[in-house]
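For the protein sequence lines, the chains are U and B, in the order given. Converting from the first sequence to this note's numbering requires adding 160 to each position, the first position being numbered 1. Converting from the second sequence to this note's numbering requires adding 3 to each position, the first position being numbered 1.
Calculated directly from the structure, the hints in this document are not laboratory data. Predicted, not measured: the structure shown is a model, and the values here were computed from it. Careful, some of the hints might be misleading.
[Claimed, not checked] With a straight-line cut-off of 25 Å between C-alpha atoms, the simulated DMTMM-like cross-links for lysine to aspartate or glutamate are: (1) U:438 x U:483; (2) B:14 x U:389; (3) B:110 x U:195; (4) B:123 x U:206; (5) B:10 x U:206; (6) B:110 x U:213; (7) B:7 x U:345.
Okay, here's what each chain looks like letter by letter:
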Amino acid sequence: MTIKFDNIYIKDKAVGGGPFIKDGPIKKYLNFKYEDFLDGENSYEECEIKELERVINIIRERNNIDLVISSDLSNQLMISNVANRRIGLPYLGLYNACASFCEEIIVASSLLKNRNIKNVLITTSSHNLTSERNFRYPTEYGSLKKDYQTFTVTSQTGMLLSKEKTNLKIECATIGRVIDYGIKDSNDMGSVMAPACAYTLYEHLKDTNRTIEDYDLILTGDLGKYGKEIFKELVLEEYGIKLNNYDDTACLIYNKEDNRVLAGGSGISCMPTYFLTKVIDRFNKKEIKNVLLLATGALFNTTLVNHKMAIPSICHAVSVVRE
Amino acid sequence: MNNKKYKRLTKKYLPRKLNIKNLLYAFVSGGLLGLLGQVLIKVYSMAPTISNIEAGNLMMVTLIFLASLFTGLGFFDNLIDLFKAGIIIPITGFAHSTTSSAMEYRKEGLTSGIGANIFKLSGSVILYGIVSAYLFGIIRYVFFGG
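Bound conformation, chain U alone (with noise of 0.2 Å):
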């Protein structure tokens, strides 16, 4: 299912980082950063919620904000709930794990067709202690940790779609399937999601009759450093698509030789923390022309997982293009 979308654009953005990302190879592109955890708070919850309005708050300083969409990996949505009661906007909330961000660009894209909404801000928030408490332990529990684990991003992201035109335009977008291939495993999300991920570029490609060379840079979200190689190999095998311009997101979030990070980043803030910062600067130092965004979420709550229940997973994606 793919929606073409003719007068979307990117109007303005925002994005904060914490621990680990205010030290990565995005940090001269953040609007703020806060140095541990609480960011002086009671809790980590409290944290996220206040990074969150700050994200918010930067934006509507300089824009109208007709509708917010937001997404976070709490319980029931609760950090965008209460960030949202204190901003006071109307307000949507959607839920698709770290496939999110593709999933509001769409939502957005398509609610900006009626003629009375004209900006829509969307929302991620991720943080990383908050994100362990919910899916694994208590945040001070000392888990063995495995190799092929990925460590939470701890960031706040925020960007304007309008009507009004600017250079950077959503064209089109495909809308995936919840695929499940019989992963179990709640520690390898990479396994879990390259399927669904695979499945959705193929679909993407068939449907707006283009090949991988038509893109100069294909992103995926949060498969990890090995989730990226099982991606590949699959889409080869079972789609015959050989990718090149090709990277995920989870491995170029964090510093490389931070080994703390295991296979590298995940959440929902994970991919448009990266297209936010160093994707747009590179689209406005004109080295790219077209981007596609591949955000992948596990769908999985801990009660599926204790269940023993297969994880199912889902993929959308979304094209940007400079114009």
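Starting from the structure of chain U, add chain B where the hints point.
For chain B alone, coordinates are given in the frame of chain U:
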């Protein structure tokens, strides 16, 4: 591609190496912890009013206290990153998992937070510890006369 074939594909790329360094660290740190325990027993039993069995109990209380304290001070998880099973398998790991759960749920109140969640990770150790103690106690009583 079917699930089986895909599983084989993922196996090809996922790291599976046996980490000799981890084994060595765990072996040495576990041994040192055992040595510390033994030293503590010897020290405690030097007091004239403390028997050997009581000294053993005191040693365990000391290790539990230290592990909980270090967890509370926030650096025990870093020690685990380094020594792994060497300090998880002994009673220090049990104390650590209990304390970290208590800290995590402190914000949710004394009853529904700490009370309900303190044994979240270590609960199964307690349950199966008691069950197996009963079981082996019965076996000992029946076959070996108590």
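For each hint, the structure was consulted:
1. U:438 x U:483: holds (18 Å)
2. B:14 x U:389: Measuring from Cα to Cα gives roughly 11 Å; hence the hint holds.
3. B:110 x U:195: holds (23 Å)
4. B:123 x U:206: Holds. Residue 123 of chain B to residue 206 of chain U sits at ~24 Å (cutoff 25 Å).
5. B:10 x U:206: Violated, at roughly 40 Å.
6. B:110 x U:213: holds (22 Å)
7. B:7 x U:345: Holds - the C-alpha atoms of residue 345 of chain U and residue 7 of chain B are around 15 Å apart, at most 25 Å.
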